[in-house]
Every structure is written in C-alpha cells, then in structure tokens.
Amino acid sequence: MPDSATLAAAYFGSPVVLDVQEVTVKFGTFTAVDHVSLMVHQGEVFGLLGPNGSGKTTLIRALCGLLPLAGGQATVLGRDVRREAETIRSEIGYMSQKFSLYADLTVTENMNFYAGIYGLSSQQARKRKEELIELTGLEPYLTRVAGKLSGGWKQRLALVCSLLHGPRLLFLDEPTAGVDPVARRDLWDLLFQLAAVGITLVVTTHYMDEAERCGRVGYLYLSKLLAMGTPRELVRLPEVTPPGTKRLEIRAPNPAELLSVLRKRPDAREATIFGHSIHALVDASFDPAVCGPNAIVQETEPNLEDVFVSLARGQEA
Amino acid sequence: MNVQRILSVGRKEVIHILRDPQTLFFTLFVPVLEMFLLGYAIDTNVRHIRTVVFDASGTQESRNLLNEFENSQSIRIVRMVYADEEMTRAIVAGEARVGIKIPTDYSRRLEAGETAQLLVLVDGTESSVAAEASNVGNALALRESLERVLGVKALPVDSRPRILFNPDTRSANFFLPGLMVVMCQMMATMLAANAIVREKETGTLEQLFMTPVRSLELVLGKTLPYMTLTILEFCFIALLMRVFFQVPIHGPFLTLLGIFFPFVLAMLATGLLISTRAATKEAAGQIAMGTLLPSIFLSGYVFPIDSMPTFFQWVARCFPTTWMIDASRGVILRGASWSELWQHAAVLWGMSAVMLVVAAARFRKQLG
Numbered sequence: 001m002p003d004s005a006t007l008a009a010a011y012f013g014s015p016v017v018l019d020v021q022e023v024t025v026k027f028g029t030f031t032a033v034d035h036v037s038l039m040v041h042q043g044e045v046f047g048l049l050g051p052n053g054s055g056k057t058t059l060i061r062a063l064c065g066l067l068p069l070a071g072g073q074a075t076v077l078g079r080d081v082r083r084e085a086e087t088i089r090s091e092i093g094y095m096s097q098k099f100s101l102y103a104d105l106t107v108t109e110n111m112n113f114y115a116g117i118y119g120l121s122s123q124q125a126r127k128r129k130e131e132l133i134e135l136t137g138l139e140p141y142l143t144r145v146a147g148k149l150s151g152g153w154k155q156r157l158a159l160v161c162s163l164l165h166g167p168r169l170l171f172l173d174e175p176t177a178g179v180d181p182v183a184r185r186d187l188w189d190l191l192f193q194l195a196a197v198g199i200t201l202v203v204t205t206h207y208m209d210e211a212e213r214c215g216r217v218g219y220l221y222l223s224k225l226l227a228m229g230t231p232r233e234l235v236r237l238p239e240v241t242p243p244g245t246k247r248l249e250i251r252a253p254n255p256a257e258l259l260s261v262l263r264k265r266p267d268a269r270e271a272t273i274f275g276h277s278i279h280a281l282v283d284a285s286f287d288p289a290v291c292g293p294n295a296i297v298q299e300t301e302p303n304l305e306d307v308f309v310s311l312a313r314g315q316e317a
Numbered sequence: 001m002n003v004q005r006i007l008s009v010g011r012k013e014v015i016h017i018l019r020d021p022q023t024l025f026f027t028l029f030v031p032v033l034e035m036f037l038l039g040y041a042i043d044t045n046v047r048h049i050r051t052v053v054f055d056a057s058g059t060q061e062s063r064n065l066l067n068e069f070e071n072s073q074s075i076r077i078v079r080m081v082y083a084d085e086e087m088t089r090a091i092v093a094g095e096a097r098v099g100i101k102i103p104t105d106y107s108r109r110l111e112a113g114e115t116a117q118l119l120v121l122v123d124g125t126e127s128s129v130a131a132e133a134s135n136v137g138n139a140l141a142l143r144e145s146l147e148r149v150l151g152v153k154a155l156p157v158d159s160r161p162r163i164l165f166n167p168d169t170r171s172a173n174f175f176l177p178g179l180m181v182v183m184c185q186m187m188a189t190m191l192a193a194n195a196i197v198r199e200k201e202t203g204t205l206e207q208l209f210m211t212p213v214r215s216l217e218l219v220l221g222k223t224l225p226y227m228t229l230t231i232l233e234f235c236f237i238a239l240l241m242r243v244f245f246q247v248p249i250h251g252p253f254l255t256l257l258g259i260f261f262p263f264v265l266a267m268l269a270t271g272l273l274i275s276t277r278a279a280t281k282e283a284a285g286q287i288a289m290g291t292l293l294p295s296i297f298l299s300g301y302v303f304p305i306d307s308m309p310t311f312f313q314w315v316a317r318c319f320p321t322t323w324m325i326d327a328s329r330g331v332i333l334r335g336a337s338w339s340e341l342w343q344h345a346a347v348l349w350g351m352s353a354v355m356l357v358v359a360a361a362r363f364r365k366q367l368g
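One line per chain: the protein sequences are A and B, in this order.
As numbered in my numbering, residues 1 to 317 make up the first sequence, in order.
As numbered in my numbering, residues 1 to 368 make up the second sequence, in order.
These are computed hints drawn from the structure, not numbers from a lab.
Beta carbons are placed, not taken as given, at the ideal position from N, Cα and C, and that holds for glycine.
Misleading hints may appear alongside valid ones.
[Claimed, not checked] For lysine to aspartate or glutamate, the following DMTMM-like pairs were computed, each having C-alpha atoms within a straight-line distance of at most 25 Å: (1) A:K154 to B:E206; (2) A:K129 to B:D84; (3) B:K200 to A:E86; (4) A:K148 to B:E126; (5) B:K281 to B:E340; (6) A:K154 to B:E233; (7) A:K98 to B:E233; (8) A:K154 to B:E201; (9) A:K148 to B:E201; (10) A:K98 to B:E206; (11) B:K200 to A:D80; (12) B:K281 to A:D80; (13) B:K200 to B:E111; (14) A:K26 to A:D80.
[Stated by the list, open to error] Pulled from the structure, derived: some chain B residues nowhere near chain A, Cβ distances all over 10 Å: (15) Q4; (16) A41; (17) E144; (18) F311; (19) G335.
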C-alpha cells in the first residue's frame, strides 16, 4: 500500500488535521481497531468505509478521547488524543448516525442547548446561529419541535448543532443513514460548502455513491485499514484486478442464467449482477464465447464496490 | 467545572419536564394519592375482630363476660354457634378470626369458687390480630378474677401507661412521616434514573460525550431540577399532612429539610447508578423497585427495627431511608431538633458522598 502522504498529494500544502499512527483500540481481548494509520489534511473530505462492526465508530470515539488507545499515537488538530481529549472535544464537531437531538425541544432550543454546552457567549451564539440558519435554510422551522421535522431537516439541525462552536474538523458517523436520496444529496452539497471554507470532514458511510464523492477513502475491514486513497487510486489497486485477470461487463438477455453458468467456471473468479448486466473478474484466458451469442462483452474498470469486495475476500482467504 | 454548561443542561432538563406534563402530574400526584390512602384507610390498631361465640353455658355470667368482650372494641361478635365443629369451621372458612367457647359448667364453677375456664380460639395467620385477641382474652380473664378475689377493694398495683407524642396512637401519625420519605425516595430515584436512561435510549448521551461537557457537570445539571422538584414535593406533602391529617409538626421543619437534603442527594445518586446499569426505562424501573422494596421493609417504615434479628438491624442501618425516616418521625412527632439529630445528618452526608462518587465513576466509564 502506498503511504498516506503520497495519496494525499492534492492536499500536500495544507496542514495536517488528523495524524493517526498505528492506533490500536481493545475491548478486553477483542481488538476493535488494529494498527490503523492515516493522515487527513485540512479541507479534505475523507470517507471511512467498512461493514458494521469493522471499527469505524470505535476509531472516531478513540480520536475524540473517549476510548483509551491500547497502542499507537494520534493527534487531532495538533493535540495529543491521550492528554488533551477535552480540548479536542471542544474544537471538533460530531454528528452521529442516529438523530441525536432532543425530540421534545424546538429547533431553537436544541441550538441554544448546544451553544451553552460549548460555552458560547450569547453574542457569539446569536451570530453563529444566524449564519448557520442562513446556510441550512432552517429559518421556517425554528419554533417547531425537533421530533416533528422530516429526516432531512433533522439532519440539517444536527449539522447546525455540531457546527455552532465553529469546529475546524467535523466527524460525521453515517450522517445519511435512513434519509431519502434528495435529502442525502442536499446534505452532501452542504458538506462540500463546508469543505470549501476549510473545514475538514471525516465521514463514515455505507453508500458507495457517497464514497465516490469523497476526496479520499479508507476501507476498514475486521478492525484493519485495508486500503486508502482516492477512489481512482483504489480502483487501480493491483489486488483488485490481479495480474493475469481482467474485469468484464457482460450484457446478456438472461443475466441470472448466465451468472449460474459463470459461477461454475474456474476461470471466472467473481461475478455479480448489476441490473441487466454482469460484472465479472475473470482470468485473461477467459473465452467470451462462453457467455453465448447474444451477449455483449466489454472490458471495464472495477467500481468501488468491486474494490471493497475484492479486498474483503482477499482478507478472508 | 463550568457553571454555564451546568446551567445549560439544567435548563434543558426543565424544558423536558415542562414538555411532558403527564409525567410531571403523575410524579407529583401519586405520592398525594398514596398519602390519602394510607392516611384514611389504614389503621394499625387492631379493632373489631370478627368473632364467633359458642355459649354452652347460657347464663347471666356468661352473657356478662361476652358483653365485656364486645365493650373492649377489639372484638365484634358476628354470630352465635352451637357446636365446637361449627366454631372451628367458621374460623377455617375465614368467617371469623376468633372463636370464644364458654363451657356449660362456667357459672357453676364460678359459684363454687373453682377455676372457671373459657376457650379462646385464635386464628394465627395475622400476627397482629392474634396478639390483640389473646391479649384481650387474658386481660378480661384477669380482671374478672381480680374483681372476684378482691371484691370492692382497690387494686394493689396500678400501671398507668402514658403514650407520649402520639397520645391517641393514631396510625396516620406513625405512617405519614415515613411515607413522605419513601415517596420522595421513589421520586428522586426514578427521576434521576430516567433522566439519563432517556438520553441513552435516544442516543443523545453518545452525542453529549462527544462534547466538552464533563460527566460531573452533566450529572449536576441533570439532578438540580429534580432535586428542587423532590424538595418541593416533600414540603407539599408535609403541608397536606399537617392540614388534612392534623399531624402536628412538633420540631423545627428547617432541621428536617436540612437532613432531607443529603438524603435526596443519596437517592439521586442511586438513580444515577441505576442508569449506568439499565439500557431502557423499563429496566431502570425494575431495578429501582428492587432497591425500593428492601428499604421500605427494613427501614422501620412499617415494621419496627428493634424487633428484627441483630444482623438485619445492621443491614437496616446501611439504608439511608432508615436514618431519614427516624429523623422525620423525630422532628415531626417527638419534636427533636438539630442537637438530637445531627448524627443522622452526618450519616446521610457520608452515605450520599460515597454514592455520588461511585455513581460518577461508573457513569464516566460506561462508554468504554
């Protein structure tokens, strides 16, 4: 794996916001995060991917100083996670996977509560609230009880609450879980606006389309960081399409039938259906005629999902 | 420690309370309801025990004796029976708790100067009823005997018990000062436990841990409104007790409040401790009930501590409730003041300090 600094070439000039070196977190004998190293620069949108239980949330909690590190070093905004956890927590923002605002408080009351928790003066609070309400368009809902907002507006309110104190780094733990596609896109547009003004974003997600939006992506699997880089770089990783193999997109009249044919062949290593076509990883010697006379076969690049499936399989083997 | 953060948490908690008037109503109303039930319905003095009588003698003397029984107020004759089996059956069936049998030779033996016997059958399933019934039987027999032996002469020894502090031995006076304590204990424990568990359920606690708020600030901010609420409720119940149930408050009420304060702290800490164990409100309720029951039964609230085995007397002293109930009765009934009760306050302060430290330590660890 190329080292993280070269992968972050685009952000080379920017200061390092997150510097994680060989971090390990244990729950008793279980290792939840296993020697993970990564570096995130200011203004980056960094995606953390991985199945449930792979250690994404644990890593974020450890970086906020909530869980002790069993090994390794980490600095957040230049501060040591072990010694300056409370200062770190006052300088970062965190928005979690669940809607974690108070459903029985109004939008304004939720904002005021977090402003107080972060120790903002009433003047500062008023100014920040105005800016963020303007940014998110929450104006019409200020007196509404948070529980009565739709999913997308809840996410915006959560975002506002995590931004009130002006953090330079924002952790988003599955911010779009259970939100409709339109609201998801709106939220991502907001996130890029934040990145544009220099706020660094670390986002965990399950959605491949969201992963592809990220500047760089790290893939966590079974507590280990298996790969890291821009989506483009990951797609070209040699582990994903090993030498002597190629990736094919096969359009066939009956993909399901073809899939069962392919899965029986030793020279077809992976095959899965995407709509009317099949994505397959095959040996270079694979004969396209196997797919039948009506199939259209063309070589293709893997997508991010292919990348993660290959990496996960490689790890299991 | 940051006062602004504590106040922010406190203000939010007050909004939670006000947004949920139903919970607030039940929290405040249940103790009042309980108080009316105990104040009006329950009487620990045993009276009007249902009794069946088998008067085989049927003489002037036997009827006099039965009158004496009824005049004692303790015995109420519900039926006359005419056979031993019938009397036993009435007791087994629960129709009567006591059976009195006066044998055929009762009057004859009295006249002859021999020992006349009467049989008092007592259902022992309710110990206080049994004790009262056998006491009445013994007392009446003794008095009859003395009158026959001494005639009109004065009794050689006369014991005059004077019941201090609660001369009419009213049950309300005994129960209500304890009830106040137990009700406020339940209120404080449940409110504190729910306040944290609710945030666990909604996931907001996780969010709060990611902010710079410290666990002690969170705990203080969350408990302040509930502490205020519990103390207000305590005063309100005391007022009701004084006005409706005419229970006089002989000692200084401020002393009582001064002792109540560390007690509330200890109870809030208990609630907090429960919240670190319970994942849902239901679970928290179960655990809270679990802690409540022993502190009701062992605290002297219902059953006197002096009658317990020595081991349990020591156990009882480990519950803050025991000390608080004693202090409550002390101030309200016995007119005790600070000079008599400062030890209670000291013990409760000690207990609350230990509980708070343990609760805060466990609370901090729970995310890990």
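Structure-based check of all given hints:
At most 25 Å may separate the alpha-carbon atoms for a hinted pair to count; K154 (chain A) and E206 (chain B) meet this at roughly 17 Å. Of the pairs offered as hints, the one joining K129 (chain A) and D84 (chain B) is violated, with about 89 Å between alpha carbons and a cut-off of 25 Å exceeded. Under the criterion of a C-alpha separation no larger than 25 Å, the hint pairing K200 (chain B) with E86 (chain A) is consistent with the structure, at around 21 Å. Between K148 (chain A) and E126 (chain B) the CA atoms are separated by roughly 56 Å; this puts the pair beyond 25 Å, and the hint is violated.
With a CA separation close to 40 Å, the supplied pair K281 (chain B) and E340 (chain B) exceeds the 25 Å bound. Pair hint K154 (chain A) plus E233 (chain B) does not hold up; C-alpha atoms about 37 Å apart against a cutoff of 25 Å. For a cut-off of 25 Å, the pair hint linking K98 (chain A) to E233 (chain B) is broken: about 36 Å separates their Cα positions. Distance restraint check for K154 (chain A) and E201 (chain B): the Cα-Cα separation of roughly 17 Å lies within the 25 Å cut-off, and the hinted pair is therefore satisfied.
Between K148 (chain A) and E201 (chain B) the CA atoms are separated by roughly 18 Å; this keeps the pair inside 25 Å, and the hint holds. Straight-line distance between C-alpha atoms of K98 (chain A) and E206 (chain B) comes to about 10 Å, which keeps the hinted pair within the 25 Å bound. Distance restraint check for K200 (chain B) and D80 (chain A): the Cα-Cα separation of roughly 28 Å exceeds the 25 Å cut-off, and the hinted pair is therefore not satisfied. With a C-alpha separation of about 37 Å, the suggested pairing of K281 (chain B) with D80 (chain A) is violated against the 25 Å cut-off.
With a C-alpha separation of about 82 Å, the suggested pairing of K200 (chain B) with E111 (chain B) is violated against the 25 Å cut-off. Between the alpha carbons of K26 (chain A) and D80 (chain A) the distance comes to roughly 19 Å, so the proposed pair stays at or under 25 Å and holds. Not every CB of chain A lies more than 10 Å from the CB of Q4 (chain B), the least distance being 6 Å, so the non-interface label is violated. For A41 (chain B), the shortest C-beta to C-beta distance to chain A comes to about 37 Å, beyond the 10 Å cut-off, and the non-interface label holds.
E144 (chain B), annotated as away from the interface, keeps every beta carbon of chain A farther than 10 Å; the closest lies near 72 Å. Every CB of chain A lies more than 10 Å from the CB of F311 (chain B), the least distance being 38 Å, so the non-interface label holds. The beta carbon of G335 (chain B) is kept farther than 10 Å from every beta carbon of chain A, the shortest such distance being approximately 46 Å.
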